[in-house]
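Colleague: I would like the entire structure built from these sequences, with the hints used as guidance.
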Amino acid sequence: PLRSVLIYNSLLFILTEVSPFRAPVVSSSFKEVIAMDEWTSPDPTRMSLLTIDIQREFQPGFPSGRPENALAVPAAAAVARAFREAERPIIHIVRLYLPDGSNADLCRRSRILSGKPLLLPGSESSQIALELLPHPAIVLDHELLLAGRAQEIGEAEWIIYKPRFGAFYRTPLEEHLRRLGVNTLVITGSNYPNCPRATIYEASERDFRIVAVTDAVSLLDDRGIAELEAIGVLCIPSGEVPDRLLPRR
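Here this note's numbering is used: position 37 in the sequence shown is 37, and no number is missing along the way.
If you are wondering where the hints come from, they were derived from the structure by calculation, not from laboratory data. On a predicted model such as this, the values are computed, not experimentally measured, just so you know. Yeah, the Cβ is synthetic: ideal placement off N, Cα and C, and Gly gets one too. Among the hints, erroneous ones may be present.
Quick list of the computed label-pair ranges, beta carbon to beta carbon [said to hold, decoys possible]:
#1 R206 - P67: 32 to 42 angstroms
#2 G115 - S41: 13 to 23 angstroms
#3 D37 - E87: 21 to 31 angstroms
Modeller: Structure follows, in structure tokens:
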């Protein structure tokens, strides 16, 4: 009997502690929040908003539309309006894919080459969601954007094209931000597991202070928030942005 108990306990340990089929558990370290300090606290005087891929293609009614992306649009639009009222810079980051897929991620080339275009330059689906724009008549200048230049669409407001998930990869974004004197980025966009997350980590690598607007980033869940807080990102809902980040002048 004793031998049977020992064997049973050993098997139980293997199954619950080291089995490859064990359900993943969030590390306790992800529950630790890095306190905002002089190095990570947002600087309201040197702040810019980044909206990531809030394009019509990813909204319901279009081929890649998802309802969770639509849920984030009202909050993202409210943050954009608050930044305009505060006269702070806004940069909209977008994706565009050529018909031959030559500028697409490898994971998306098969789809494009099989005759399923995605974010085709000049298409309606490639345009930024109307709620995010300062004027509904604004359309992407895809030739300018694909040439690696920023498109100015308003007072202190631009659009920049990115060829991959992260907004800093092979783009003029960092140079543009440095020229503006920005050291703090407020992030909204879709969807968190891909482009917003890649952009946040790229920004952290470049020593930007970072704020993630939790209800304005689609698919950002509790685990994602915990991961971001563990690298010093301030995670707040859109309703707190005006008072906490955009004090009246």
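Colleague: Indicate whether the distance between the beta carbons of R206 and P67 respects the range 32 to 42 angstroms.
Modeller: Holds, at about 33 angstroms.
Colleague: Could you see if the CB distance from D37 to E87 stays within 21 to 31 angstroms?
Modeller: This hint holds: roughly 28 angstroms between Cβ atoms.
Colleague: State, for the Cβ atoms of G115 and S41, whether the hinted interval 13 to 23 angstroms holds or is violated.
Modeller: Check failed, 50 angstroms falls outside 13 to 23 angstroms.
The earlier numbered hint that this structure contradicts is number 2, and it is the only one.
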